[in-house]
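Taken in sequence, the protein lines are chains A and C.
Under our numbering, think of the first position of the first sequence as 1, with each following residue one higher.
Under our numbering, think of the first position of the second sequence as 1001, with each following residue one higher.
Any given hint could turn out to be false.
To give an idea of the interface, some chain A residues facing chain C are shown, with a C-beta separation under 8 Å as derived from the structure [claimed, not checked]: (1) 70; (2) 108; (3) 114; (4) 118; (5) 127.
Coverage of chain C stretches by chain A, computed from C-beta distances (three or more under 8 Å per stretch; other residues unrestricted) [claimed, not checked]: (6) 1042 to 1051; (7) 1083 to 1096.
Note that these hints are calculated values from the structure, not bench results.
Keep in mind the model is a prediction, meaning the values are calculated, not measured.
Beta carbons are placed, not taken as given, at the ideal position from N, Cα and C, and that holds for glycine.
Now for the letters of each chain:
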Amino acid sequence: MTPEHWRLRRANDRLIGFKCRSCGWVSFPERRKTCKRCRAAPAQFEEIQLSPYGKVLSYVIQQRLPEEFESPLAVAVIELEEGARLYGHLVETSAEELHVGLEVEADYRVMYRDEGLNVYSYKFAPRRNVAHDPAD
Amino acid sequence: MIGIQGYGVYIPRQRIKLGEINGAWGRSGGRGELAVATRDEDVVTLGLKSAQQALAAANIPADKLGAVYVASVSSGYMESTVAGQIGYALGVAGDVSIADFGLSTRGVTSALRACADAIACGRIEYGLVVGSDRLIARPGSTYELSCAAGAAAILLGRESTGTLAELEESAAYSGSCLGRYRAEGQFRGTTDERFVMEHSYLDQLAGVVEQLSRRDEQTSWDHVVLHAPELKWARRALKLLKLKPESLVSSLGQIGYAGCASFLIDLALALEQARPDEIILAISYGPGGSEAFTWQVKCAPGLERPASAQSQLEPGENISYPTYLRYNGLYAQQPGGQT
Chain A
1 MTPEHWRLRR
11 ANDRLIGFKC
21 RSCGWVSFPE
31 RRKTCKRCRA
41 APAQFEEIQL
51 SPYGKVLSYV
61 IQQRLPEEFE
71 SPLAVAVIEL
81 EEGARLYGHL
91 VETSAEELHV
101 GLEVEADYRV
111 MYRDEGLNVY
121 SYKFAPRRNV
131 AHDPAD
Chain C
1001 MIGIQGYGVY
1011 IPRQRIKLGE
1021 INGAWGRSGG
1031 RGELAVATRD
1041 EDVVTLGLKS
1051 AQQALAAANI
1061 PADKLGAVYV
1071 ASVSSGYMES
1081 TVAGQIGYAL
1091 GVAGDVSIAD
1101 FGLSTRGVTS
1111 ALRACADAIA
1121 CGRIEYGLVV
1131 GSDRLIARPG
1141 STYELSCAAG
1151 AAAILLGRES
1161 TGTLAELEES
1171 AAYSGSCLGR
1181 YRAEGQFRGT
1191 TDERFVMEHS
1201 YLDQLAGVVE
1211 QLSRRDEQTS
1221 WDHVVLHAPE
1231 LKWARRALKL
1241 LKLKPESLVS
1251 SLGQIGYAGC
1261 ASFLIDLALA
1271 LEQARPDEII
1281 LAISYGPGGS
1291 EAFTWQVKCA
1301 PGLERPASAQ
1311 SQLEPGENIS
1321 YPTYLRYNGL
1331 YAQQPGGQT
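The whole structure should be built from the sequences, with the hints applied where relevant.
If you want it as C-alpha cells, here you go:
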C-alpha cells in the first residue's frame, strides 16, 4: 500500500498547492476531486508553488499530550499568502508572542517517524527577518 | 577557476550551558554553550535550511544545481539518503548528481573535492556542498561537553563577478593511523580520544600542511579553519603547524562541535571576517586522513547579510538538562538498561 506520506510528498516537501482553475481557490495539501469554494466537480486544479509566508487566523494551545509531542503545543489555522488555509504546528513561538494575525513562515521539521523513517513537512515559526534576532 | 558563490548557515537557537550539564552530574564549573537541536530537527532539516539560505544568498534557483553533496556522520541511517531528501525539498531537477558522504568527518572535504572536480571538468555548472550534523554523546561522558548540532552549505560554481572566494590550492594526506571508529548503535567516544588525537589527528594535519606547502610554497595564512572536536586540540594543532594563534577561526567556544557542519560553519565565519585578497586555509580531519584547501577571498560578504554565521553564534534560548535529554531522545531508556 502506498504510504500517505508518499502521496503528499510534493505538498509536504516542496509546498506545492493546487489552485482551482474555475475560481482560484487554493487547496493544500490535498489535491481534491471537487472545489470546496465553487463546487466544480470534477474540478481542474493547477499546481502552484506556495510562498512560505502566512499569518495565524486562529489557534489553540494544547497542554497535555502523549509523550511523542512537545507540550505545550500551539496548533494554528494558518493562511498562506496565496490563500491556502491549513492546520499547522507552531514551533519556537512563546505564548506571549502568539496572537491572531501573527506573521509566520514555514519551517521544515520532522513530523513523525514511520518505522524508522523520518517523515518531514512544514511547521510554522514567527517570521523573523534574520534567523536569530537577539531582540527575540 | 572554481569559486564560492554563496553560503548558508543554520545553527539551532537552543543552547545548553556546560555548567548546566556539569551540575546535573555533580561536577562544578564549565564555560561555554552548545547548540542543541529540538526533537523535530535532524540532519535533513538542519541541512535544508542552510542549503536554502546558500541558494537565496547567491540568487541561484535550485533547478540550476548539478550536484547536491551532503556530508554527515550522524544521519542515523544505515541505508537512506540525506542528500536526496534535501535535494528534493530544494526542488532540484531530475538529472542532478546526488551523493552522501559519511563515516568520516573528512567526508566534508571529500564532498567539496568531488563538487569542485565536477565543475572543473565542465560536467556541472553549480554544485551545493552541505555539512550537517547532530552529534549525541553518552550522558555523563566528557564528549557530552562538546557534541552539538548545526549545518552549513557552500555553493560552488565557476568564478564570476559575485564570487566570494576562489579555490587556490588543495592537498590530501592519509597516514597510518586510521583514527576514531564507532560501530552501529554506539555512542560517540568508543575510541580513546587522546590516543586518536595524538597519533592520528596531529600527524595527519602536519602531513597535509606539508603537502600543501610543497605545492604553493606558502607557510602562513591570514585565516585558519581546522577540524577540532575541542579548542585545546585546535590550539595544539596551531602550535604544531607553527601558525599564528590569532589566525584561528572557530565556533567551538560558542556552539560546540558539530562534526562536518563545524568545518563549513567556520569557513563561513572566515569569509565574513576576511578582507579581499586574504587567504583562508581550511583543513579537515576524520578517519582516513585530512584534506586542506586554500581560498583567496574576492568579495567578502561582511556581517550585514541576514542570518550571517556570526549572528547565529549569539546566545539563544537556554534549556535545562532534562530538556536537553528529551530533545536528544535520551530520556526513555529502560530502567537499569545500557545507555
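In rising order, the numbers of the hints this structure does not comply with: 3 and 5
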